[in-house]
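Undergrad: So you can see what is in the structure, the chains are spelled out below.
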Amino acid sequence: MTEAPVYGIMAEFDNPTDLLHATEATYAAGYRKIDAYSPYPIEELSDAVGFHKTRIPLIVLCGAILGGLSGFALQYWISAISYPLNIGGRPYNSWPAFIIVTFEMTILFGGISAVVGMLGLNGLPQPYHPVFNNPRFTSASRDRFFLCIEASDPKFEIDRVQQFMQGFNALDVTEVTH
Amino acid sequence: MQQGPEEKTITEERLLPGQPATLAPGHTLGSITDKISWVVLRRPITLGWVSGFAIAFGLLMLLQLAIGYLLFRGVGIWGINIPVGWGFAIINFVWWIGIGHAGTLISAILLLLKQNWRNSINRFAEAMTLFAVACAGMFPLIHTGRPWLAVYWLFPYPNTMGVWPQFRSPLIWDVFAVSTYGTISLLFWFVGLIPDLATFRDTAKNPVARFVYGLLAMGWRGSARHWKRYESAYLLLAGLATPLVLSVHTVVSFDFAVSILPGWHTTIFPPYFVAGAIYSGFAMVLVLAIPIRQFYGMKDMITERHLDNAAKVMLATGLIVAYGYAMEVFFAWYSANGFERFMMHNRMFGPYGWAYWMLIATNIVIPQVLWIRSVRLAPFKLFLVSIVVLVGMWMERFVIVAVSLHRDFLPSSWGMYVPTRWDWMTFVGTLGLFFTAMFLFIRIMPMISIFEMRTLLPESKIEEEVAAHD
Numbered sequence: 000m001t002e003a004p005v006y007g008i009m010a011e012f013d014n015p016t017d018l019l020h021a022t023e024a025t026y027a028a029g030y031r032k033i034d035a036y037s038p039y040p041i042e043e044l045s046d047a048v049g050f051h052k053t054r055i056p057l058i059v060l061c062g063a064i065l066g067g068l069s070g071f072a073l074q075y076w077i078s079a080i081s082y083p084l085n086i087g088g089r090p091y092n093s094w095p096a097f098i099i100v101t102f103e104m105t106i107l108f109g110g111i112s113a114v115v116g117m118l119g120l121n122g123l124p125q126p127y128h129p130v131f132n133n134p135r136f137t138s139a140s141r142d143r144f145f146l147c148i149e150a151s152d153p154k155f156e157i158d159r160v161q162q163f164m165q166g167f168n169a170l171d172v173t174e175v176t177h
Numbered sequence: 000m001q002q003g004p005e006e007k008t009i010t011e012e013r014l015l016p017g018q019p020a021t022l023a024p025g026h027t028l029g030s031i032t033d034k035i036s037w038v039v040l041r042r043p044i045t046l047g048w049v050s051g052f053a054i055a056f057g058l059l060m061l062l063q064l065a066i067g068y069l070l071f072r073g074v075g076i077w078g079i080n081i082p083v084g085w086g087f088a089i090i091n092f093v094w095w096i097g098i099g100h101a102g103t104l105i106s107a108i109l110l111l112l113k114q115n116w117r118n119s120i121n122r123f124a125e126a127m128t129l130f131a132v133a134c135a136g137m138f139p140l141i142h143t144g145r146p147w148l149a150v151y152w153l154f155p156y157p158n159t160m161g162v163w164p165q166f167r168s169p170l171i172w173d174v175f176a177v178s179t180y181g182t183i184s185l186l187f188w189f190v191g192l193i194p195d196l197a198t199f200r201d202t203a204k205n206p207v208a209r210f211v212y213g214l215l216a217m218g219w220r221g222s223a224r225h226w227k228r229y230e231s232a233y234l235l236l237a238g239l240a241t242p243l244v245l246s247v248h249t250v251v252s253f254d255f256a257v258s259i260l261p262g263w264h265t266t267i268f269p270p271y272f273v274a275g276a277i278y279s280g281f282a283m284v285l286v287l288a289i290p291i292r293q294f295y296g297m298k299d300m301i302t303e304r305h306l307d308n309a310a311k312v313m314l315a316t317g318l319i320v321a322y323g324y325a326m327e328v329f330f331a332w333y334s335a336n337g338f339e340r341f342m343m344h345n346r347m348f349g350p351y352g353w354a355y356w357m358l359i360a361t362n363i364v365i366p367q368v369l370w371i372r373s374v375r376l377a378p379f380k381l382f383l384v385s386i387v388v389l390v391g392m393w394m395e396r397f398v399i400v401a402v403s404l405h406r407d408f409l410p411s412s413w414g415m416y417v418p419t420r421w422d423w424m425t426f427v428g429t430l431g432l433f434f435t436a437m438f439l440f441i442r443i444m445p446m447i448s449i450f451e452m453r454t455l456l457p458e459s460k461i462e463e464e465v466a467a468h469d
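As given, the protein sequences belong to chains A and B, one line each in that order. The letter at position 90 of the first sequence is residue 89 when you use numbering that gives the first Met the number 0, and the numbering goes up by one with no holes. The letter at position 176 of the second sequence is residue 175 when you use numbering that gives the first Met the number 0, and the numbering goes up by one with no holes.
Note that these hints are calculated values from the structure, not bench results. This one's a predicted model, so the numbers in the text were calculated from it and none came from an experiment. Check before you lean on any hint, since a few could be wrong.
Using 25 Å as the maximum straight-line C-alpha spacing, the simulated DMTMM-like pairs for lysine to aspartate or glutamate come out as follows [what the hints assert, rightly or not]: (1) Lys113(B) / Glu43(A); (2) Lys460(B) / Asp171(A); (3) Lys32(A) / Asp407(B); (4) Lys460(B) / Asp17(A); (5) Lys460(B) / Asp13(A).
Kindly produce the complete structure, drawing on both the sequences and the hints.
TA: Set out below in structure tokens:
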């Protein structure tokens, strides 16, 4: 029987402080392919895994600008080019009347790009992920905290990582397979 | 601050003496999760829920009947006619869309203001917004009686007639504002649900439930990288939803204010509509929250602090609305315009005078009892006041729409407006739609945001941080 390939080694904690310390120690030991899992957002944790900047705000800015421009362009094209109507002698390009729809489209596109950008960068929806092969991982969405050093890390050696993670104040250290 | 073990979960903020906490002591990360998911995943269906749902669903069927007959016969079955061409459809539309506003205020504006007491009421308030917008949306769809003929002037799509919507009209602004509002509310609600759906996926015992929640959770695993992007996106959505929610009722008020009809053509409308929207929305939040905390044993999460705060918001927005009414009277007098003055006189002492005075009583006079602290902390009294405010806000829209229209410039074109049974059935039917959706929501979705509640616990904080606080 052949062994399933290892995805990584995972340690389980029962409080956020131990997880944060362990994550910082892991990063300091030179491991880079690591991820921490928690049941609610912990601000310091993303810094600890070496993830400092997200591109979400830029995506939202681009989406919002695109929405605003396309909203105005739509109204300009309709009212001045495709279907010009003389309404009480107003100019065809009566831009003050177009501000509201432009504003709404800015918000709409900005909001959609925030959600789509967040899901896209996070790689969701993702039907399968190896971390769920750890049966204890179901409590990651309840009250437990997990740290995983992935096998794709150049410094990864099963025994050394096992030993390294045993040094933490972890409830459980386990191998996660693909 | 020294805390005994039994007081572990009082949140970090300092409470004034006698002020109830946001979250009652004694909770842990696990107990919060279990308590909220228990309602959906473990609790058997009770007789109370079934009878409540049956009533709501019966009313929904009434809506179906009313709309079916409307499509068959046309708007002639309603009480509208010239001069009152805008009747119940517009009144109910404005009323429902206003109710939705409190949900967005709670979820977006209070998030930006770091009011973390919102964490236990934002989820069902957002659901309320969504269902209220759905009810509101019914009316523009059906108000022509022939919805299949009403699309080309609502949405810009290439049609065989080669015509396009008129973008200088407030009605088309309204279409964009409300559809954007509905979409953003849905996205905001769904994004907030993702981590909790993952919790349900991991705790559900029923394989079908696990599969469906798993599908909806999209593989969420709580990774630190994901949380960082998630928080960033959530905050930006809140930042976008904040000006949006203020714009929606402003645009709704433009439907009236941009016209030249006395009683509609006034500059006070946008702020006073927005305040009124939040006023009625918080009343609806209380109408939902008080039974929920009672019947689902959520008094430790939706505490008296929430009731107190919601009542204070109602009091404040109610006073803004009162200022709006006062200004309407003042404008009518100060304009020195005969038609404006007549409009106000007719509102107060005309054939619909009873509606105006009922509006003043229900929207301004009675809610002043909220100044009394014991009323704000008494759930049943607060519930009654909220119902009164909801009636009052509906009366306000009746007075603005129907009473302004029924006597305009030319006495020869005056008339009266009497809603028919079909009008009432449609209105009551949308209440059925709203409560049916609400009943289903509390049984299939976490009605309180689990992951946001976890962040209220002291044990969720990194320890050095806690030490730095004390």
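Undergrad: Decide, hint by hint, whether the structure agrees.
TA: Consistency of the hints with the structure:
1. Lys113(B) / Glu43(A): Holds, at roughly 18 Å.
2. Lys460(B) / Asp171(A): With Cα atoms ~22 Å apart, Lys460(B) and Asp171(A) stay inside 25 Å; holds.
3. Lys32(A) / Asp407(B): Distance ~73 Å between Lys32(A) and Asp407(B) Cα, so the pair is violated.
4. Lys460(B) / Asp17(A): Satisfied, since the Cα-Cα distance of roughly 11 Å is no more than 25 Å.
5. Lys460(B) / Asp13(A): 13 Å, holds
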